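Here's the letter readout for the chains.
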Amino acid sequence: MSSFRVPGRGRIDHQSPVEFSFDGKKITGVKGDTIASALLANGIHLMGRSFKYHRPRGPVSAGSEEPNALMGTRRGPGRFEPNTRATVQEIWHGLEATSQNRYPSLEFDIGAVNDRAYMLFSAGFYYKTFMWPKSFWDKVYEPFIRAAAGLGVSPTETDPDHYASRYLHTDVLVIGAGPAGLASALASARAGLRVTLVDENTEAGGTLLSEPQAVIDGSQAWDWVEKAVAELKSLGARVMTRTTAIGYYHQNMVALCEKLTDHLPAPAANMPRERMWRVRAGQVILAQGALEKPLVFDGNDRPGVMLAGSAQTYLNRYGVRVGNSAVIVTSHDSAWYAAFDLADAGTKIQAIVDTRANPDSTLLEGAKSRSIRVLAGYTATRTEGRLRVKSVRVNPVSNGKVGAPETLTCDCLLMSGGWTPSLHLFSHTKGSLAWDDEKQTFLPDRKTEDCEIAGAGRGLWGIGAAINDGAEMGALVARHLGRDAVAATYDVASDRPGTGISHKELPTDLNPGKARAFVDYQNDVTAKDLRLAVREGMHSIEHVKRYTTNGMATDQGKMSNINGLNIAADALGKPQPKVGLTTFRPPYTPTTFGAFVGYHKGDHFDVTRKTPIDSWAEENGAVFEPVSMWRRAWYFPKDGEDMDAAVSRECRATRASLGMFDASTLGKIEVVGPDAVEFMNRMYTNPWTKLAPGRTRYGLLLGDDGFIRDDGVIGRLSDDRFHVTTTTGGAARVLNMMEDYLQTEWPDLDVWLTSTTEQWATIALNGPNARKLLEPLVEGLDISADAFPHMSIAECKVAGLPARLFRVSFTGELGFEVNVPAAHGRELWEILWEAGQQYDICPYGTETMHVLRAEKGYIIVGQDTDGTVTPYDAGISWAIGKSKPDFVGKRGLERPDLVAKGRKQLVGLLSRDGKTKLEEGAQIVLDPNQPIPMKMVGHVTSSYHSDAAGRPIAFGLVEGGHDKMGDTIYIPMPEGVIEAEVTGTVFYDPEGARLKL
Amino acid sequence: MLLIRCPYCQQTLPELEFTYAGQAHVARPDAANKQISDEEWRDFLFIRTNVKGPHYERWRHAHGCGRFFNAVRDTVSDRFLITYKVEDPRPELSDLLEKSE
Amino acid sequence: MTVLTHAFTPGPLVSGGAVSVNLMAPIGRFSVRVRESGRDALGAAIGLELPTRIGARTKNGNREVICLGPDEWLLQTGAGETADITAACAAIYAATPHSLTDISAREITAKIEGPAAIDLLTIGCPRDIDQIAVGDGCRTVIDGISVILWRDGEASFRVDVWRSFAPHLLGLLQTGSAELSA
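Quick note, the sequences are listed as chains A, B and C, same order.
Per the numbering used here, the first sequence starts with residue -8, numbered consecutively.
Per the numbering used here, the second sequence starts with residue 1279, numbered consecutively.
Per the numbering used here, the third sequence starts with residue 2, numbered consecutively.
Some clues are possibly wrong.
[Claimed, not checked] The calculated SDA-like cross-link candidates involving lysine to any residue, where the alpha carbons are at most 25 Å apart (straight line), are:
#: 1; chain 1: B; residue 1: LYS1312; chain 2: A; residue 2: GLU736
#: 2; chain 1: A; residue 1: LYS438; chain 2: B; residue 2: LYS1330
#: 3; chain 1: A; residue 1: LYS906; chain 2: A; residue 2: ASP918
#: 4; chain 1: B; residue 1: LYS1312; chain 2: A; residue 2: ASP877
#: 5; chain 1: C; residue 1: LYS112; chain 2: C; residue 2: ARG159
#: 6; chain 1: C; residue 1: LYS112; chain 2: A; residue 2: HIS591
#: 7; chain 1: B; residue 1: LYS1363; chain 2: A; residue 2: ASP918
#: 8; chain 1: A; residue 1: LYS875; chain 2: A; residue 2: ASN727
#: 9; chain 1: A; residue 1: LYS629; chain 2: A; residue 2: GLU616
#: 10; chain 1: A; residue 1: LYS224; chain 2: C; residue 2: ALA183
#: 11; chain 1: A; residue 1: LYS955; chain 2: A; residue 2: PRO919
#: 12; chain 1: A; residue 1: LYS17; chain 2: A; residue 2: PRO256
[Claimed, not checked] Listed next, with one range per pair, are the computed distances between beta-carbon atoms:
#: 13; chain 1: A; residue 1: ASP739; chain 2: C; residue 2: ASN63; range: 28 to 38 Å
#: 14; chain 1: A; residue 1: ALA984; chain 2: B; residue 2: GLU1365; range: 33 to 43 Å
#: 15; chain 1: A; residue 1: ASP739; chain 2: B; residue 2: ARG1283; range: 24 to 34 Å
#: 16; chain 1: C; residue 1: PRO11; chain 2: A; residue 2: TRP737; range: 36 to 46 Å
#: 17; chain 1: A; residue 1: MET634; chain 2: C; residue 2: THR10; range: 26 to 36 Å
#: 18; chain 1: B; residue 1: ARG1283; chain 2: A; residue 2: GLU632; range: 52 to 62 Å
#: 19; chain 1: B; residue 1: ASN1328; chain 2: A; residue 2: ASP594; range: 38 to 48 Å
#: 20; chain 1: B; residue 1: GLU1365; chain 2: A; residue 2: THR959; range: 52 to 62 Å
#: 21; chain 1: B; residue 1: SER1372; chain 2: A; residue 2: ASP594; range: 52 to 62 Å
I should point out that these hints are in silico values taken from the structure, not numbers from a laboratory.
Owing to the predicted nature of the structure, the values given are computational and were not obtained by experimental measurement.
Glycine included, every Cβ here is placed at the ideal spot set by N, Cα and C.
With the hints as constraints, model all of the structure from the sequences given.
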């Protein structure tokens, strides 16, 4: 065990050694250590290099605000994470940690040359340096910036972990399980409310874990925490540790990220790594405490320079003395107690350097009793030491004048510039902050959500103040929620409340232009950079932030914001509240993409809807394509066929004999009621009154703007019942639109709409042998050509199954669509498949369906139309019931632009050479020799090789296309210009003879 | 994610059950019985208030009771001042603002 | 434990102490729509009262109905009773216009039971499940998919989901169940 571990001290298990590696070296810590505490116990402060200057850095904190000690961690194959904060990552046997931003090694790093050239890298240097010449951008500047940029190394392997998410509803959500949070949660839970208490640390207790000397109602602090947590659990409260509240959204929705496995050597296989909680709380209590501020002076970033409160945490929670010989530099009382605790644990305190001239007398007595030298009214002006601080230069200050320096040797320097309430989450709510002159910080002011702030978060220092405030707030929110609740009062002994003052940079006798006095450690922003930004005209704090990148690192300005503000305000000659803070944004701490993704990866990436026949298609080698949320069989390749070959064969087989197609994805809506026909008349362009039961009609749906929205074949089953079909992608949209008109425009109509898309499996049979296959299977219906003509519908039985049978065709061949209850879809498909063998029945997919319909000139809404196409443009104005008084889109069709000349109209396109297949989406021009940019007059909407036509065919939307029949238009492509003739859209059986078989 | 009170279900429920449906109280002109000018029809189709502040708008409880309903929501704060049934009269903004104080 | 088949074969999908998920056998299902004036007559034809509070249920023998909207109910019956119901409703249609649409095959039902049943639902359902009374139900959403959630007991639920969404939803429930037992 190293000499820095204090036997018996802390909340770690001294008896359980844990081995891990750091940059390949084996390090031994103990159970309960973080990477940082274990390294510090081994005397290692140097843990990383800074981002811009590659300066050696060690941990400055002991928590999630850590800007310096960022590492790559590997938890096994594929499990690499950059920028893990060593101060929060728990160690376990076998963990591999590596330092970042260094080459070839942490101790000797070539990039550190940047540090010598720091004068070149001042604020805004990217903007200034890479201005010209323009030609340097691609070849010189960008590669340089890309090589230099980035924090750590991105993982390259697919993340093998899985992630989870949950919704949670709670009456009271308490964020932060320190004294204020625990007392709040207790008060609310005792009032009988559903309470959730979360904390980002491994255990509840917060600052109480670092202050074991405190005594609460007669119990030692840690004992009190244990009792409080036990009571909360017994009251049914949910206590969640390793859980960070990352964002606070509208109406008390708080996102929590719970880390479940990063601390475990061998997590269970089904255990998610992280779980995102979306919490809806009746009331929120923010009890996040305060973060300690560094002091800003030359060399305040050397390894060994650390926040005093963090040193206290390392000692009291982890049993680690951060050095043998410490100098304390502070402007706040709290650092004195860190000094006392360390002195009592055996660290030599060289001096307490306080910037205040007259520290509190009890503090002076505490120092005196421990024989600690006190330098009051002093400043720190420089540190020395390459990979670890070895001395600090301090000077007396009197009447604003910096006196003669003295150098104090040390191996660690513990600083405190006071404390900043942690109000990030409060800021997410757009709650306003007010500057408190006495405390020299921002405190919460006007709230926008049902929340309260308790304890140090609203500027109350000391355990007694925080815990009693927490109890008050817990009772208050319980009363807000209608419960009788009275706050308990807590008696706290051995408390250490304190006061302090706030600084800009510490005064110095050295050239401030050469000082490396850091404000934002992670982004290497110095006090000088901030002043330069103001000098160069950045007068808004938002501009200063962006010009210097102060507060823009992954720690989101947790340490740097107030120091940055103090310096910027001083440079601007304005008081702090006039300068203001930049906005804190979620997430509170860096959060993995996995946590946001949750279950939505792999098989769960997105909803994939599958038809009842999907499994047959899969078993029979179908290639699938996504169509809206469905996956549909695209084509069924045989014997190594490519798509073109398979589609040609499927087309040929269907036209020659018989094809079968799974059309189950078609949207279906049952329209029922005495006013069903009136409703249909108003929704669709077509006239429905005279459509007899048993007959069907092609229905066209417009928006009130006159543009085509959807289409489908619609059957009338009885006077009061229609079976409406929609496009696959339009099903939900069309029903929504129908409901909208019905509920809000025509609530008087007695008609109701029910989605039956999934009630029915739909199998389309097409080809000259379709009837021959079907006839023997149909009961209760004569399907001969005369008895059941094209565009008929009937209820009957097919293969013993209740069915709705359509005679309809989307291919131009004799066609039927058999609808049976979806549970029997695959059964019927297999029956038809077996029975169809005598006709060489061919299952075909969506691509063949597209080709066959295009050969017949049938449009596909959404492919041949794009939301700006009218029935006239599409050449289907015959579907409009012109004599109807109104329908959706009727008035819209008369709009001036819709009746104007020169609209894009749907036409057929045939390449002049008879061989070239046009590319869907390709632009069309009238003169290929015009200068670029050419005037584009349309585009290709559909294009296929047609087996029936023996050549490629296409549709396009072309300006004035209907008047251009026979004209040549041009499609410029990278390989050359394609000439095509404008034609009609029907390429096969224009008389429709095959439909009538 | 907002919480929305459905005036038909009489419950305050998560936004994920709802879909937004545009500005409220845009009546469809009666083109069947009256001559509607191009300008009137344009206004019906396209012209919207796009207010910064309290906005009369429609929602549908799509994954719930299926009803369209009306709401007044402040587009700055995302707060609902009220939700009400389609058949209910348009509430006066001044009354709503008074009540929300 | 069975693998989910394309036929949605009834039986256990997840078995465990914390939570079980069972696919239920096919039943008869109808979407029932009627105006207030016809509600009592239609209820009488079906053989139970159509409740008026959204989320409320009534039951008579095999037949159970839940109110989903101001004029909308979902009726579940024994698989063999659909013809009787269709006939009974058709008989009153002229006097009491309504819509009765057979959706027996549209959706399937999974039963979710066990101490972790609520936890399992919360992986995708944003509703506060505690607010759904035992004996009530609602249409809501799970992972973006519309479902009807029936609360039959403190820790006993049924979920009706459209057939094509079922593989996604049931897969998610299986993943979630494994996680809850980890």
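Task: Structure-inconsistent hints, enumerated in ascending order - done: Result: hints 7, 14 break, sorted rising.
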